[in-house]
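Engineer: No gaps in the numbering here: position 541 of the sequence shown is 628 in our numbering, and each next residue is one more.
These are computed hints drawn from the structure, not numbers from a lab.
Among the hints, erroneous ones may be present.
[As the list claims (entries may be wrong)] With a cut-off of at most 16 Å between alpha-carbon atoms, the simulated EDC-like pairs for lysine to aspartate or glutamate come out as follows:
hint, residue 1, residue 2
1, K592, D520
2, K386, D410
3, K687, E744
4, K353, D384
5, K353, D336
6, K391, D410
7, K661, D792
[Claimed, not checked] Distance ranges between label pairs, derived from CB positions:
hint, residue 1, residue 2, range
8, Q468, S395, 19 to 29 Å
9, A453, G562, 48 to 58 Å
10, K392, F264, 48 to 58 Å
11, T415, R250, 54 to 64 Å
Ideal Cβ positions, reconstructed from N, Cα and C, are used throughout, including at glycine.
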Amino acid sequence: MSTPRQPPRGSGEGKPAPGPDGRPPARSPRPARASQPPRPRRADGEPGPDRPKPARSRSAQPKPAGSKPAAAKPPAAKPAAGSTAKPAAAKSSAAKSSAAKSSAAKPAAAKPSAARAARPVTGGRTGAPARVQSRLRSGPGPGPRPRPAVRPQPRTIKLADPRKRLRFVTVVLSLVFSVFAGRLVQLQLIDSDALAADANTNRYQVIPLTAERGSITSSDGVALATTVDAYDITADPQMFTPQSTGVPDAPEQAAALLAPILGVSKEQLAADLHTPKTRYKRLATQQTPDAKNQISDLKSALDKKAGSKACAAQKAQLKLPADKGGRTRVDNECANPLAGVFNRETQRRVYPSDGLAANLVGFVNAEGVGAGGLEQQYQAQLAGKDGRSSYAQAGGRLVPTAGGSMDAAVPGTDLRLTVNRDIQWAAQRAITDQVSNAGAEKGYVVVQDVKTGQVLAMATSPGFNPNDLASAKSGQLGNAAVQDAYEPGSTAKLMTMAAVLDTGKATWDTHVTVPNTLQRADRVFHDDVDHETWYLTLAGVLAKSSNIGTIEAAEQLGPTQAEANQVLGGYLQKFGIGRPSGLDFPGETKGILAKPEDWKGSQQYTIPFGQGLSVNALQATSVFSTIANGGVRVAPSVVQGTTSPDGKYTPAPPGAESRVVSEQTAKTLTEMLESVVTDEQGTGGKAAVPGYRVAGKTGTANRVDPKTGRYSGYTASFIGFAPADQPRVTVSCVIQDPVNGHFGGQLCGPVFKQVMEFSLKTLQVPPSGSEAPNLPVDWKP
């Protein structure tokens, strides 16, 4: 219902004319509205009073005399829907006519009643307030002018200023969006490269590509060490978590399945799989194709079983909450604990001939890296250059469309050795048998070509099988022929005789008187046997291996002992004593040779017959090869050449040559050495090879125990070359700490004979065409 329009203040229209007393006439009752809503009823069912009309906001002001009172304007009735509203002027005119008729018809006494009838509805039970009633009264007579009625002010609700709330919300949203914008800038611009790299790191698997290791072959191209296909068994530990497998003990289940195949303990495998922070773990290396196939077949069977419909339903329930029938795990039959196990193709080092030349060839460790012998020495050339491959994976499966990269591996270089496989076999068999028969600690045989310095065989006993390192002892893994330093004993007398002959201080037939004992410095020297005074030639001193005769011959090298020491020391160095052999073999010893000025006391008298200095077996062999080669030393070598990955063969450079003694001295020494083997008084009769002239020397020396540093036991040896008239091969035999005998001729003479005879036949060396000179070994006073 709309509020009646009020006439504007100050307008005469609609105002009633004052009465004779100057008072405004009583208001006419408000006409009935066209449409009245039903009156509200009280709780007792009686109709309640009309709701009063709200008071006006401002008080009525007194009107000047003569002005017409404004007629009360009835409220406009709201037209019903579909009806046409009457004009406002018609309503006003009707109201005025009704008021005039009411004034004329009723007397003044009826005014109060009219006033009561015209009271406004206040909503209370007593009608309008007294002030309003007094204003409605009319009548003549003087009196104070009534105060205008003050209409009550409507109550208002004061709301908070919306602008403050809007400002607060704006500031908060601005801060939130600023944080989001800053983070977005950081992710998209500042840290984008780093985050992309981290994402690729987790997404891409980088797999090393092991280069194919080069082969090691004998001189005839037969493989002594080669590489075959093998497989590394790897795993992605993140695929063994309960979230990935649906079972809490996937690592333990996988370990139980893999342990019998890989030969690794279940505990170790489970520990490797319990590392979810890494995406790559190598469980076993260099497994055979059979082991790889067993794992692949087992994995496929488990995968097929876990892919059934029932298992798929269980896996789907893992994603549901517990109140909706979700599961926390699947049955063991529905889990494939090998889903995260993979294999990577690699190589495995194998040695087709097992222990043949193993001490020389060496071995590789579990990582495929050379750890001994030539495998270690030529690691860089044999290993080649590893490559790498990266691929994207999801759930352990290759993503073909995600790209990847690969740097191809470069194969290693092949080594061709100077070792003759047949001669190596003969040498190894001979020394192994003799070490066993003599009850010795160990022994070694070296076979060398006297012209080229190439090593044709290098055998050590006891040896080992590089295919089965687990059964080998640590002391057997080295190459004692170049790693052991021992006192050579009488075989070193050859160098003393070479110095004496080459300096012209004596000849092969110089007479030497050899007493049973000889006092020098603080020591009394003896030969290996007690004897009366011997009257020997210089050749006889060498043939009978007399220590006293050798001391006497060495004293002729200088007018004083100190000067003689300098001369002898110079020749020993030229023969290669106290210097590396030239092989650069891992762990090789250069021997021990003190400076001549430091030879004091008895040492200056023991060095001429081979004690007080030390050598390795290859150095000692090289001394005899120098004499066999006419006095020219050729540095030893074991590598004949290399074959690069592109198939190009490159021969190794020849060994460095140096002249040590004159050719004539070498020839004389050769004839003197023949007397050791051929003369009945010689010590090397067991080394004779039928049909060939043999030149050699026995050696028996006190052995220094490497554990205590004191002399304990003996070192027995024999070194020689053949044919003496046209030398081709040098063979040395050394046996350490024998129990059954200790003389070099007795123990090593037969080994020399066996190996030399086989070598000469293998190399197809023709027999000697002349007889040995058989130089006299003694003289009669």
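Engineer: All hints, please: hold or fail.
Structural biologist: Now the hints, each set against the structure:
no., hint, in the structure
1, K592 - D520, "violated, 43 Å"
2, K386 - D410, "violated, 34 Å"
3, K687 - E744, "violated, 33 Å"
4, K353 - D384, "violated, 20 Å"
5, K353 - D336, "holds, 13 Å"
6, K391 - D410, "violated, 31 Å"
7, K661 - D792, "violated, 28 Å"
8, Q468 - S395: 19 to 29 Å, "violated, 54 Å"
9, A453 - G562: 48 to 58 Å, "violated, 20 Å"
10, K392 - F264: 48 to 58 Å, "holds, 53 Å"
11, T415 - R250: 54 to 64 Å, "holds, 55 Å"
This entry does not satisfy hints 1, 2, 3, 4, 6, 7, 8 and 9, going by the numbered hints stated previously.
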